[in-house]
Every structure is written in C-alpha cells, then in structure tokens.
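Student: One-letter residues, chain by chain:
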Amino acid sequence: MNDPQEDWEKVLWRRQSYPDNYVPPRLFLASLQRNPNFRPYSYWPLVILSCSITQHLAIIFIFLAVFVELKESTLDPRSLVCISVLLFLIGYATWSALGTQQENPDYFTNHLKTLKSSIMMFLALMSLSPVLRTLTAATSSDSIWALAAILFIINALLADYTATNPEDPHEGLSSVLSMNAAVSASVVLASRLPTNVSVFALMLFSIQLFALYPIFRHRLQTSTISLWLLITLGLSVLAVWLMAELSRTVMWLNFAVLTFTTLVAPAILIWGQRYKNIIRGPWDTAVPKVN
Amino acid sequence: MLSANLIRKGHKVIIITHSHRPDRVGIRWLLPGLKVYYIPFLPIASSATLPNFFTSLPYLRTILLREHIHLIHAHASLSSIGHEGILHSHLMGIRTVFTDHSLFGFDDAASILTNKLMVGTLKNVDAVICVSHTGRENMVLRGQLYERSEKDPKVPEVRKSVYVIPNALVAEQFKPRVQPPTDTITIVVISRLAYRKGIDLLVATAPKICSLFPNVNFVVGGDGPKLLELLQMREKYLLQDRMELLGPIRHKDVLSVLSRGSIFMNTSLTESFGIAILEAACAGLYVVSTRVGGVPEILPEDMISFAKPEEDDVIRAISEAVKIIQNGKHDPLQAHERIKTFYSWEEVATRTEKVYDTVLRSKQMGLMERIERTMDLGPFAGPIYTIILLVDCLFFLFLEWWIPREKLHYVDHHWNQQAFKKLADEDRRRCG
Chain P
1 MNDPQEDWEK VLWRRQSYPD NYVPPRLFLA SLQRNPNFRP YSYWPLVILS
51 CSITQHLAII FIFLAVFVEL KESTLDPRSL VCISVLLFLI GYATWSALGT
101 QQENPDYFTN HLKTLKSSIM MFLALMSLSP VLRTLTAATS SDSIWALAAI
151 LFIINALLAD YTATNPEDPH EGLSSVLSMN AAVSASVVLA SRLPTNVSVF
201 ALMLFSIQLF ALYPIFRHRL QTSTISLWLL ITLGLSVLAV WLMAELSRTV
251 MWLNFAVLTF TTLVAPAILI WGQRYKNIIR GPWDTAVPKV N
Chain U
1 MLSANLIRKG HKVIIITHSH RPDRVGIRWL LPGLKVYYIP FLPIASSATL
51 PNFFTSLPYL RTILLREHIH LIHAHASLSS IGHEGILHSH LMGIRTVFTD
101 HSLFGFDDAA SILTNKLMVG TLKNVDAVIC VSHTGRENMV LRGQLYERSE
151 KDPKVPEVRK SVYVIPNALV AEQFKPRVQP PTDTITIVVI SRLAYRKGID
201 LLVATAPKIC SLFPNVNFVV GGDGPKLLEL LQMREKYLLQ DRMELLGPIR
251 HKDVLSVLSR GSIFMNTSLT ESFGIAILEA ACAGLYVVST RVGGVPEILP
301 EDMISFAKPE EDDVIRAISE AVKIIQNGKH DPLQAHERIK TFYSWEEVAT
351 RTEKVYDTVL RSKQMGLMER IERTMDLGPF AGPIYTIILL VDCLFFLFLE
401 WWIPREKLHY VDHHWNQQAF KKLADEDRRR CG
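Chains P and U are the protein sequences, given in the same order.
If you count the first sequence from 1, position 112 lands on 112 in UniProt numbering, and the numbers rise without skipping.
If you count the second sequence from 1, position 255 lands on 255 in UniProt numbering, and the numbers rise without skipping.
Worth flagging that the hints you see were computed from the coordinates, not collected in a lab.
Every residue, glycine too, gets a C-beta built ideally from N, C-alpha and C.
A few of these clues could be false.
Covered stretches of chain U (in silico footprint by chain P; criterion: 3 or more residues with CB under 8 Å from a CB of chain P, positions within the stretch not fixed) [claimed, not checked]:
1) 100-109
2) 135-145
3) 284-293
Make a model of the complete structure from these sequences and hints.
Tutor: Take a look at the structure:
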C-alpha cells in the first residue's frame, strides 16, 4: 500500500482502498490545537495584580475592627468622623492629582459638584442615624452576624478588581452589587451600636471604604507601582495592627488570609497553569463574524 | 434506511425507542418487516426522556432475549436508552456498537458532563462508528478511545474499533427536475432556524446579496427561534417579494422546495456530516457552505464553494456560486449522477455489516475486565460508574429470578421476506 500521506484523503465521497478503521498516522488530529491563546503568567506581575484583592480584604478587616472598637466604646466616634473627613480630603486630592482632569474646562465646576454631593451625603447620613440605630431592634444578634458575614463575602466575591484606564466608565453590575452588599452589611452592623453618633461615624466610614475607595483604587492601579504597593502594604499592616488589639487568633487569621492572597495564590495559579488543557479543533462551534 | 438494507441482506432488525404522544406505544411494524418497540417512557421535552441507568432493564432484557438479539447498535450520545442498552447488553452476552451523529465541544458545562458520560459508556463498547473523519477525531478525544500502544506502552494509540462510515441517501428520491430556462437565480436554504445553524449569517448576508444581484431570490424553509429575526430583516429591507419564508417543511416536500433553486446555502456553525447538503447536491443544486466540522469531506471541491463563517466571506462565496450558475458551469443532472456513485445505503449497510461481523467474532469482555476498565475513569467517576455497573448486575440477577427465561414468550416466527413477496404478488395478480 502507498504512503498514506500521498494516498489517503480526508474525504467521504471517494471510496478509498483503506479499511474504515484506518487511522492515518500523520493526518489524524492534525488540526487539533491545544491551548491556542495560552499566555504563561509570571509571578511578580500576578502579585501586583493580586494587591487589589489584598487591599479589599484589608479594608473589610479594618472596617470590622473599627466596628468592634465602636461597639465596645474603645474608639471615640467623633474622632472616627474626623479621620473619615480627613481621609476623604486626602483621597480626593490624590485622586485629582493622579487624574487628567486639569485639561478639562469644567475642572472647578466638578470640584463644586463633588463638594455639594459630599455635604448632602454627610447630612443625609446624620439625619438617618437614629433610624438606622433602631432598624434591627427586633432581630437577634446571631442573625445579624450571619447576615453581615454573608454580605461581606458577597462584597468580596463581586468586587471589581480589574485594572482599567481611569477614562473608562467603570460601573459594571457586579461592582454595584458588591457595593450594595457592603453598605447593607454596614447598615445591619451599625444597628447594633449604642449611640446615634457611633452609627453616623460607622456609616460615614463605610461609605468611604466601600463606595469611594474602589473608585480611587481603579485610578491608583494605573499609576506608579511603588505607590500601589505602598498603599497595599499600609492597609495590610493597619488591618493586622487593628486586629491585634482585639484578638491574637483573629490577627493571625487576618495575616494568613492577606499573605495567602498576595503571595501564595499567584504561585498556585502559575502551578495550575501546567494543567490547562483547552482543546480546539474543526468540531468546535464557529463564532460568526457579522459587520 | 440502514435497517431496511440490513433486512434486505437477510438480517433481523428491531428498533427500540421510547413512546411518543399521543398514542404511539407498544409494538408497531414498519415496512419492510421492521418491528419497532415503543417502550412506555414519556418524553419530557424535545422528544427526550429523563436520563436514568436502570429503568429500562426489565423492558430491554425481555425484548432482547425474546427476540434472540446478538448485537445492539445505539445511536446518539444524548440518548438515554442508547446508554442503557450498552450498559445492560453485556449481561446477556449481547455485543454493542455505538454511533454518534453530532460534534461536541470540550469547554461548556453540558459538553463536559456529556463527555464524561460518554467515556463511561464507551469504556465497555465493542465498536464505535462515526459519520465523518472530523466526527471520529472528536469522538476519539471525547470518549478517550485510545489504548496503550503494543510497540510503546507509553504512547497511546486510537482503538482499532473506531470506524468511519458516512450517512447516505436514496438518490432516486432527489432526482433533479428540469426547470425552464430563466434569468432568476434562486438560493434555497433549508435548515432549522437556530443559532447553531448560522442563521445570524443568513440574516446579515441576505440583504447584501439581494442588493448585489438583482436577479437573486431566496427561498427559506424551516422553523425555529431565529424565524423572528428573518422576518424582521425581510421587513426592514423590504425583501417580501425576493425572500420567501416557507416555515416547517415535511421530508417528502424537500425535493419540491430544492427544485425551485439552483444554489443551496448552508451557514451552519457546526456540522458533523450535513445530510441536507448532500440532498441538495443530489437534487442538482450548487452548494455554498461554511467550512465547519465534517462538511469539507462530503463533496468534491467542484460541487461546493466554501466560506469562512464571516459575513464578507459568505457574500464572496455566494458571488462565486452565482457566476458559476450564470456561466452554466454546473450541470444538475451530472451532479446527481455523481452523488449516486458516491453514496448509497446499500454500500453503507455492507460496511456496517463488516463492523458487526468483526464485533461478533471478537472476544467478549468479562465482568472483571469491565470493572477494571470502568475504574480507569478516574478517582471520582470510576467508583461511581463501577457501583452503577455492579448494581446493574444485581438488578439483572433479581430479574433472572423474578422473570425466569423459561417463562419468557420467545418470538419464533420472524418476518419472512419471501413469503411477504409471494403474498404481495398474488394480491397484485388478484387485483388485476
């Protein structure tokens, strides 16, 4: 019999001299592609990308530590309000400096709008504090802790960790749901606090962390790596330090979670890439291209 | 048609399937001498029954034993009763062959689950028949149909029991009808109007083709979820007089629809064989198709123009086809005669018969070998499938005790083709 490469053809209409179970040695699965768009990851770029997750988790831990301190009256709510306002001003100044709004003719108008909406939010939270404090009076604390835990898990899972251009209108459904989950968790936790001022302070702080900081983080992510790493480290250290004051066990757990997220998880992802096995071939459903 | 040709060759063939609403249940006879068992399992959706492993065993055991069956040929990887047939048949010493008619991917949840089920079933099947070479490649990967090479145990090689036997058609049913000469070129599309059939490409290209060629019209036959998009496109571009939507077409009316055109357009995004393309080519139409799946294997290059599944390339291929038709380079009668020589059910039956013969002569797997092969499925699926296999054995033993073989009402009188022919001839003579 002749060389299959010359003789055998991948056609059905011509009756060939080969048996029906003949497997052409070099032509069989010739069109198979394995991992066609494979892009191997490298460790340090992954660590830098994972910093956004680390920051988010650190923020949740910081918030929980602040809540416990407010509940046990070891933190003055007025000082927390001052810290929140100060952080907002620093954050807004940095956000403006990192941005490219200077070329915008409406630059000062935007500042005024921001100031106006900030004052509105401040006053709205202040007036709602008494309502929020008594919101879950009829609910047992166990239910509140469970609900808050679930909401924070949802917040962490649905948060938008992608690095995008600051110009992109970045408001995906998942990030909105994530923010809503975090604010809802803050509301139910705030309803366990003893005073209206404490509720106001915690809610203001939660708006800072879960509504404003993610926007700031997106802009920060596209800036210098050193600043990005510095803020990640700062937030992580702050989270661990605040937890250390409450419980050693929780502190170590917090430290383990943050270390795992930043340093171990990227290594696992790189290791897992070895087992990536995407099979492509002529049997795949084609993707139609229409203009 | 395969059954009819096997019966013609002197084999006994029965079909086992589920019941169909409203009253198709029990035993029916289809000519020529084909017995169909409709077992009482009601379909839940799209003519599919609930997937299960053991429910059919009492029915299958009784039918297979009383009909003296030697071999089961299961079709389609999503056929619940097909999988069950392969699982149960070994208990009765019945050999198994499996045929798949579709292509599946590897990366969506449905495919992953189906493929795992396939691997479990095909571990113990005696032979696999695929309808195209692409289908075989897909099936070998999906069903893990490879074994350690005898030369080098580290190198896997494809099982010897995987065959490629294409579908066929009855060419006489698709004789081209001689049309009066006309300047109008009609493009025929007969397809289920669904995403997988590339209707998005048809919707995108049809208006542009109509504007490029004022003498080109469309006839679209078929029904499905994309019908609305076609209707909207026709309204938007005011093509009511140039695009006819026929709705669902019965198989007996396919030829009359095909005969209205000179080009057959197929925009499928995946196709294992594409019998519609073959029918159209046999009816004398020039074919334009997307180059997907097993389609490039069906026809010679001079009978078909291929396009990438892209709007611009489909328009290019149609333009090419229009030129071929306008220049009289395509002869419908010659195309029909060529297809006649390429595909016939008689030849398919002969080739399938060889597979059956090879299977029946091969050594049968013992229970321990089946368990070993099933355990090879992996640490998770292996034990699950093995438990299913063992429970099946226990259920079978229970049935052997509960309905002993001696009590079964065996079929002694099989269909006699000669006697039937004799009676038919006498009847014809009597009627004059």
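Student: If a hint holds in the structure, say so; if it does not, say that too.
Tutor: Hints, one by one, checked against the model:
With 5 residues bearing a CB less than 8 Å from a CB of chain P, the segment 100-109 of chain U meets the requirement of three and the coverage assertion stands. With a cut-off of 8 Å between beta carbons, the segment 135-145 of chain U has 5 residues touching chain P; three or more are needed, and the interface restraint holds. For the segment 284-293 of chain U, the stated coverage by chain P is satisfied: 3 residues place a CB nearer than 8 Å to a CB of that chain, which reaches the threshold of 3.
Checked against the numbered hints given earlier, the structure satisfies every one of them.
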